[in-house]
Every structure is written in structure tokens, then in C-alpha cells.
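Undergrad: Sequence:
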Amino acid sequence: MAAPELPVEIIHAINLLPLETAPITESLAATWATLAAEEQAEIRRLGPSFAAHWVHIACVSPFARQLLLRHPHWLLRLARGGRHSDLATSHGLTSEVFLADLRQYRNARMIEIIWQDRQSGEHYSETVAALSELAEICLQHAYAYGVAMLRQRHGTPRNNDGQEVPFTVLGMGKLGGRELNLSSDIDLIFCYGEGGETDGPSPLDNSAYFQRLGRWLIQALDQRTPDGFCFRVDMRLRPFGDAGPLCISATAMEQYYQVHGRGWERYAFIKARPVAGDVTFGQILLDTLRPFVYRRYLDYTALTGLREVKALMDAEQGGSSNDIKKGQGGIREIEFVCQSLQIIHGGRQPALRSTNTLDTLAAIASAGLLPADDIDQLRHAYLFLRNTEHCLQMVDDQQTQQLPRSELEWQRLACSMGFTDVITLRETLDTLRQRNHIIFQRILASGEDDRQGKNGNGEKLWQRAQTGALETAPSDLLQVLHCIEPEVVWTRLWRFAHSRDVASRLSTEGRQRLNRLLPLALDLCSAQPDTDALLQRFLTLIEAILGRANYLALLAENPPYLIRIAALLHSPWLAQELARFPILLDDVLSDTIISPEHWPQALAAQLQLAEDMEERMDALRRFKNTEVLRLAAAFWTNQLPVETLLPQLSDLAQLTLQTALAWAEAEMQRRHGCVHSSNGQAAPFTVIAFGKLGGREMGFASDLDLVYLYDAPLDAESDGPAPLAASTWFARLGQRLIHILSTLTRAGLLYQIDMRLRPSGQSGPLVTTLDAFSRYQRESAWTWEHQALTRARWIAGDAALGARFTSLRAEILGQPRIPEPLAEDVRAMRQRIYRSKIIAQDAFHLKLSPGGLTDIEFLVQFAMLGACSQQPTLCQDTGTAAGIAALTGAGIWSAEQGAVLGQAWQRYRQEENRRWLNLQDNEIRAADIPDWEALQDAAHGVRQIWQEFIGSYSD
46 MAAPELPVEI IHAINLLPLE TAPITESLAA TWATLAAEEQ AEIRRLGPSF AAHWVHIACV
106 SPFARQLLLR HPHWLLRLAR GGRHSDLATS HGLTSEVFLA DLRQYRNARM IEIIWQDRQS
166 GEHYSETVAA LSELAEICLQ HAYAYGVAML RQRHGTPRNN DGQEVPFTVL GMGKLGGREL
226 NLSSDIDLIF CYGEGGETDG PSPLDNSAYF QRLGRWLIQA LDQRTPDGFC FRVDMRLRPF
286 GDAGPLCISA TAMEQYYQVH GRGWERYAFI KARPVAGDVT FGQILLDTLR PFVYRRYLDY
346 TALTGLREVK ALMDAEQGGS SNDIKKGQGG IREIEFVCQS LQIIHGGRQP ALRSTNTLDT
406 LAAIASAGLL PADDIDQLRH AYLFLRNTEH CLQMVDDQQT QQLPRSELEW QRLACSMGFT
466 DVITLRETLD TLRQRNHIIF QRILASGEDD RQGKNGNGEK LWQRAQTGAL ETAPSDLLQV
526 LHCIEPEVVW TRLWRFAHSR DVASRLSTEG RQRLNRLLPL ALDLCSAQPD TDALLQRFLT
586 LIEAILGRAN YLALLAENPP YLIRIAALLH SPWLAQELAR FPILLDDVLS DTIISPEHWP
646 QALAAQLQLA EDMEERMDAL RRFKNTEVLR LAAAFWTNQL PVETLLPQLS DLAQLTLQTA
706 LAWAEAEMQR RHGCVHSSNG QAAPFTVIAF GKLGGREMGF ASDLDLVYLY DAPLDAESDG
766 PAPLAASTWF ARLGQRLIHI LSTLTRAGLL YQIDMRLRPS GQSGPLVTTL DAFSRYQRES
826 AWTWEHQALT RARWIAGDAA LGARFTSLRA EILGQPRIPE PLAEDVRAMR QRIYRSKIIA
886 QDAFHLKLSP GGLTDIEFLV QFAMLGACSQ QPTLCQDTGT AAGIAALTGA GIWSAEQGAV
946 LGQAWQRYRQ EENRRWLNLQ DNEIRAADIP DWEALQDAAH GVRQIWQEFI GSYSD
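In this text, residue positions in the sequence shown follow the working numbering: the first is 46, and each later residue adds one.
Relax, there's no trap hidden among the hints.
SDA-like, lysine to any residue: derived pairs with alpha carbons at most 20 Å apart:
(1) Lys892 - Gly736
(2) Lys892 - Gly744
(3) Lys371 - Gln447
(4) Lys892 - Ser747
(5) Lys892 - Gln965
(6) Lys882 - Arg970
(7) Lys892 - Arg960
(8) Lys892 - Trp977
(9) Lys371 - Gln422
(10) Lys371 - Ile488
(11) Lys505 - Arg537
(12) Lys505 - Trp539
(13) Lys371 - Thr445
(14) Lys371 - Leu428
Quick caveat, the hints were computed from the structure, so don't treat them as lab data.
Sequences and hints are given; from them, build the entire structure.
TA: Below is the structure:
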């Protein structure tokens, strides 16, 4: 008998097996008998651990057991930790020999992969990467052989210009994600560049040539020979599926997905990756298809397509839970959770566009799209189920995800997975799948299953609005929904329900979404303060998005987003902006916020898509509007303090202005050439910001106070085809910049521009040389103009000229001043401003009333003008809040005075910007705010400090 010849370590390991000890003993003994004595001795030296692993592999994988019986010399390579040598060149081989070599290589590598996979520890990532690499190697060798064979007969495929036409193989599914199973199909799509003809002795149309190449690739991998097969090939994901051509041109493919592409095909392309042929061409092709897969907006329409796929999958299972891939809580549900979040958010968050499931889970965790506990559960379950899948497939090299139906196979699976008994394994599988399914239902629950408020008051009111008469208002429902003016609310709702857009223009799917959304919105409004106004704003917003299926789905599918929108709609300004530009919904609801330091890159990426100046101006406005809306939403919901808001609004304006200036300069140089300085360099131009922008304290309502400076010889002239004198060139540059910033386009305007702070105000030239500006400031400027200079800084244009301005500013601010005349000038200017607006006796104007913002700003400016000559470092600050801190730190004011001014400034700026978002002016009455007394106390404190340092408010 052969059995006694086996080493005792192997016999001992076999005796510990729960199943098939006789056939395993027979197989291993036969393998052992073929080994030479020195080979047997080498294996004996490896001891019990190697013996136990060989026996374990023989038990859990009869497929591997049979291969080692046929190729016993492979056992030595496994013992030595080696790897099968790479495939040699196929040049000169017959197709039969090539196919045999390919299959031998595949089988040898499969044994090595199974051997490594069942070692102790977690090897999932190594296993799927090795399997994916194996598939790619086989594909690439088959491609190279096929191309050589076809070119010998037909030549090289070329286009009409004689250039070689590329061909690529796209790996889909598990292959695309580099997470291939042990016995998986490989999902492929073939694509070539364009039409034409081959240049060989027997020419072929390119389409026919590539069809033949595609058929060869399938045959080379899928055909069963005496040596087995390489990989089963599935081509059903190609355009038009089995009914479509095997290989398609890039243009036809792009057109197909634009016109015919279905929801499930978007999910399929999440994992697409070039794996053979011209990989560069393949990547370019995928880049052109990316807009089909990932939309710019938060895309909840995709959930419908995914639910349809899942429903078909469930119907296919017939209620069976035996499939660990397609059954409830299985691998596919984990993948669907990942892919749904990728489709919804991937257009806005490129980090989510991974082809690999585990990488996607990590990206979802980083983006905060799922709770950490859910991520941990899904990751753990995915690894466990994929390992289970591998153990099922290594049994007979079959693509199966079916759990065992016999006790023997359950014992094999438990042994393979390292479980001592079947019951524990089954309980573990059941628990993991139940938990997965709970998360899946929460993410992808159907419209009916997760519908809140079904048959509630909102639902009933919406049904009455659609079916009832205008004259029969349901007062009982309106009262329950807390409407203050029920007749007004009913009229608005009824007219909305019977409007042309709702009654006749909505698709069936759009109406279903609206019928889901409206009850949710009605119930939500009834639980909020100011129900009537909130409902009016909701209806206005919904009217604006009726023709945009993705936005209806966004709100109808995601009640938490609806709650977030309700919080924003309490602000009339935010409600107005969202209704005007519904595309901004993506931005205020996105969980990804572009931090200000990344604004330049984000803006540059958006501008790349613009083809002319008009599109660039629109793109710049959209970018600014988006970021302002994000900041406004964060500020309105108390997530962004005013001290952070104001500098960010200012930095956004500065970036916008710098971008616009570059365009204006390029346009001037194109038309009129460049103005040069005496040194031959381009004459410098710079933009100085005053006011709120200068102090980095812009609010939502702030315009841009600007001064333009340049430095060029008096007789200089531009060198272009239509030359201009330097003064004219720079004046037109300034005008062009104002035009770009303040012109109203489809996307709105950027900023209102105020140039009145330039020398001589509106009567002075638009642009000024630095020398002329210096003379004016030294010889002619009024005290209020020096006050304005305290909040001036360079923000755009030539930095060296800007630095010269900064030095001039320090010089002017550092001039010694006599306190009393200075105080008198400040008081006079204050009175002039105060008289410019009539303020009601019972009101407090945040800016202009005594003790308001203007007084705080003037106090800072007065103190700086008086102290900079002794303490020059005070000139470094341009903002009011920074000035208060600096003057307090320098001992100009006491800590108590600094605190009074700082707190009052913070309170006023907070209230000022909230009132702007509420579409209210700065004149406040006691009934307007709950903390009227605190506001009065703040004003009283500022007035006391004013009187101490500057004197009476009277003439």
C-alpha cells in the first residue's frame, strides 16, 4: 500500500481532518510516490507545519489536490516559497502550444495563490491582487499573440490619415477593482479608436479586424482544452449587451452612453479600468465617459436604478438566502452601499472614485458619509464573506457563491475558514449578513419603505390640494399644521398643485418624487417656527427644481437633507438665492467643504472648462456665488463665527479680483501690447483695497473700495498693433477690470466697485501713478483720507509696487499729529456721516447711531493716527478688530476699554450679517431682537470711550 510511505507528520494531519480522509490519503500518497528521495527528504525537513498545510489544502480544495497529483513537482516550488516563472514569449508558437502554455501558467499560479491564501492570517488583499494580476498577464499575452497573428495576415489597422488605430480592453467588475475571485468570470469591454482599414496583404475593415481580435481574446482565455481554461469571459456589459457588436469604436461608445446609457451601467463603470491593449487610450476613453458615471451634483436619481437591479436580483434568488453574494446582507449589498455613495457624491468628491471596494469604504469613512461603526461592520463583513467565497470556489474551481447544501460540504467550509464546528460558522454568517442588510436598507430603502409621514397630515393636505376645489379649504388640516393664515397658505398650495408645470409637464417618475416630497415638506414646516413663510419658500424652491429630476430626488430620497434645507430657508436671502440658482443646492448640502486654502485650485479646475471670456466670467461668478452661499449657510446655522466669516469673504473677493485682473491684463496686451518701464520691464500696475476688503472684514453686503496705482514714464506708450499712451492704457485696464467684476451676466455679478477713495474722488483720474498718489497723500489729503488709509492694503497686481505703497502708507500714518485738531477733524467727519441719514428715534442703527460701528472704526483710526509715530508697528494692522487688539496691547487703551470695543464690534458685525441674510436693514428696534438691552449696553460703552478720547458728539 502507498499510504504507509507517507511521513508520520502527514498521516497525523490527515487523521485530524473532519472529512474525506481516505481519498486525501490516497491522493497525497500518489503524489508523494512520484517524488525523488532527495525531494522527499527536503519536504520532511520542513516538519509538521508544512505537512499540516499540505493536508489542509488537499482537504479544502480538491481542485488543488488534483493539480498537485498531476504536477507533483509544483509541490517542491511551494515548499521552497518560489513562484512559477513568468510566461515566455509566444513568438513562433502554434496557437495550440500557446493556449496550453497559458493554461499551465494559470493553473500553476492558482495553486500558489490558494496555498498562500490559506496560510494563517489575513491574506485577502494579497489574494485578490494576485488573481487580478494573473488575469491581466493572461489577457496581455493573449492580446500580444493575437495582434501578431492578425498583423501577419492583415497588417496594422490605420485611420484615414495613416495613423495606427489603438485598441483597449476595459476590465469591469472585480477585475477592474483588482479584487478578482478565485474562480471568477472576467467582465470585459473591447473598444478601438476609429474606422479605417489594415495595411497588410489581405486588408480588413478596422471593425472586422478588431472583432476578430476580440473573438481571439475570448477563445484564448475561455475555451476549454485538455489543460483546462484560463478565465471565463463575460461580455454582457458592453453597449447593447449580447445584441451589440463585440467591439465598438470610441465615438460609438461615447454616443451610446450619452443616449442609451442606463442607471445600472453607471454602476458598472465605477469599476472600469484599462487592463490590456493600449492602456493610455483606455484611460482617455474612461475620462470621456466620467461625466456619464459621476455627475457634478449630488445625484440621488441613481438610487432608482440601483433599486431596480436589487429587485431583479432578489427575484432571481426567489427568497433564498443561500447565496452569499446576491442574497440578503451579502457581498453585493455591501458593494451597493459603497457604489450608491460613490454615485451620489463622487461627482463632487474625487476621492470616492475608487474601483476597489475596501478603498472605497476607507474613502467613505474619510468623507464622513457613514458612521464609523457602520464602516467597521461593512469592512469586517466584506472580508469575511469574500474569504468564504474563495473557500467555496477553491473546492472545484467553480464560480459559485452558494453556501453548502450538504453536511459534508459545510464541514469542508468550516475547516477551510478555521472554524472548529459548523454551527459557529453558520451563526457568524447569519449575524454578519443581518447587520449588513440593516445598513443596506437604511441607505437604499425604497420610497415606500422609508416613507415618513405616510397618511399623515402633510400627505392628506397634499392630496386635498390636488383633488379639491380652491373654494373648499380644509381648515381642520391647516389648523393642525399650525398655519397662521390658512387661507393664504391653501391658495398658494392649491395653485402650485394645479400649475401647468405640476399638472402636465412632470414625468411619471417626477410626479412620484413630488408626491413623496410635498408631504414631507408640509409636515416639516408644521413643526418649525413661522410655518407659513417657510412653506412659501419651500414651494418657491420646489417650483425652481421641478424640471431637474436630480434635485427632486435629492430632497425626496433624503429626509436629513430636507431638514438641512429647512434650516436654510428660514433665511429669506438664502431661500432667494437657492431658488434663483438651484444648482447651489449641491454645494450647501455637500459634506465636502472646500477650505479657503484650496480655493485657487478649485477655481482653476472650474475655469478649465470655459472656452471664452463670457464662459469664464460666468464660471467665476458661479464659483464666488457657491462659496458665498456655503459661508452664508455655515454662518446662518451657527457653524461659522463672524470672526472667521469676514476674513474668508475678504479672501474670496481678493482671489476673484486677482483672477479678473489677469484676464484684463491679457486682454489689454492682446489688443494694445505692453507698456514698458525705463528698464525694459513691463510697467507695474497694482490694486489697493480700502474699507472692509482692506481690513479683511467684508460682510455679505460689502462692495469693493479700490484704488489703482501704476508706475510708468510719462511719455511711455504700449508696443502693440494699436498703441496707447501709458495713462490711457492703464485707465482702460482699470475700466476693463471694473467691467469684468461688476457686469451682470446670467450667473449674476461679482461685486459692486467703489472708486471714490482715489485722489480727488470721482473728479480724479481712474488710475494714478504712485508718485502722484504720494504727493496727494503728503500735500493734499484730508484727515478722513488718512483715516481711510489705516484700512488700506495691496491685494492684486505687481507685488513690488504694492510693497512701495505699503512703505508710503507707513510713512503717512507715522506722521506726528496734534491730538486736538485730529480729534476735531474726526468729530467733523463723524457729524457729516451722521447727518447723511435720518434714524428713527426709537431705533438703533448698527452702523450710524452713536455708539455704533462707525464710532468703533473711527476710534481705531483716531488712535492709530495719533500713535503710529511713536509705535510704528501699529501700522501693520488694517482691520478694526485687529486694530482694537493691537492698540490695547500697546497700552493706548486699557484692557477694559479694549474688551468693550471688541465685544461691541463682534456683536454688531454678527447682527449686521444675520440681518442681511434676513433681508433686514441695519436699523433695529426693541421688538426686533430679544437682546435689545445688551445691544444698548454695548452702544453705551462705546459712547463713553468716544467721549473720553474724542469728545462730545455735538458740534
